[in-house]
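Visitor: The opening residue of the sequence shown carries number -12 in my numbering; numbering runs sequentially from there.
You can trust all of the hints, since none of them are fake.
Cβ-Cβ distance ranges computed for the label pairs, FRET-style:
no.: 1; residue 1: Asp147; residue 2: Pro(-6); range: 23 to 33 Å
no.: 2; residue 1: Pro(-6); residue 2: Leu170; range: 30 to 40 Å
no.: 3; residue 1: Pro61; residue 2: His88; range: 23 to 33 Å
no.: 4; residue 1: Ser57; residue 2: Glu246; range: 42 to 52 Å
Straight line, CA to CA, 16 Å or less: simulated EDC-like cross-link-like pairs of lysine to aspartate or glutamate:
no.: 5; residue 1: Lys296; residue 2: Asp39
no.: 6; residue 1: Lys38; residue 2: Glu54
no.: 7; residue 1: Lys101; residue 2: Glu116
no.: 8; residue 1: Lys(-4); residue 2: Asp49
no.: 9; residue 1: Lys(-4); residue 2: Glu54
no.: 10; residue 1: Lys17; residue 2: Asp49
Because the hints were derived from the structure by calculation, they are not lab data.
Computed from a predicted structure; not experimentally measured.
C-beta: ideal position from N, C-alpha, C; glycine also.
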Amino acid sequence: MQPTPHPVKLVITTGDPAGIGPEVSLAAAKDFLSHQPDVRITLLGDASLFKDSSGKSPSTSDHLKIESISLGSPRVPGVLNPANAQYVLNLLDRASDACLHGDFDAMVTAPVQKSLINTAGIPFTGHTEYLAQRCNTEHVVMMLCAPLPAGFLGIQSRKDFRVALASTHLPLKDVSSSLSYELLLETIQIVNQDLHDKFGIAKPVIRVAGLNPHAGESGYLGHEEVEMITPAIESAKQQGIDVSGPYPGDTMFDPSALEHVDAFIAMYHDQGLAPFKFVTFGGGVNVTLGLPIIRTSVDHGTALDIAGKGIADSGSMLEALRLAYELALNQRKLS
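Please take these sequences and the hints and turn them into a complete structure.
Guide: As structure tokens, this is what we get:
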């Protein structure tokens, strides 16, 4: 790929300091820059988090910078500290504001510990919801994507597996009441629009799951499909969107669909992410659709048990950087 005239500028929020975020962020940034010269990466986080075991800070350059934001309390690897909850949010605030102002082309986020932030008395459901509020966006969509393993189920060409969620971090008992015709139609519209604008897919093909076993079996096993999901799909079709469903959750991801569908929309978290992570574990990227900025993220947690031991795999962060770069290039083509 030819270098771009103006370097793509990416910012990484390095996540909870007690977890593996700082170390995988630095490792992935160095790896990515070694293969992609037309990128500038800024790591957000306390400078002390990036020192090696001898106390030496990493070398920086025009390509790799560290913008230090002070911790609330010194870091102990693997030990959560509520005093650092606001620090974690400060990273997100700085990155999202900078992206909105055009200082960066995209932001990439390392994992945070939701329970820690809530323990500190700050309501926090997740990155997706927090960034929607920061960007004053009423409806965003969480989508996971990753390339299918080579030769998976006989698929020979390179194919990305993408799963979007109609609801995100909710107790299962609350999923049905959170859904509506309007929300589902908007979800389909957002997925379709961002696949076109950010992923560069001319005519996205989308599949939508039902909520109930057998997709409700014509109302016998639930009414959500009849009352909300099917009407939303039909309205989207009338708008020219190539969408189908609702499909039973246990058969929606059949091999023939994997080859030609650009995105699957699941009704709730585990319905979509269980099959996704079974196929792609460790290589997935979380993307927030519908935002006025580009945001990608790792698809794993803080891994407190291995933090600071130098054994964390930075593969997911590397994929998140690659995707952020690609989406930023696609966005430039439209501007």
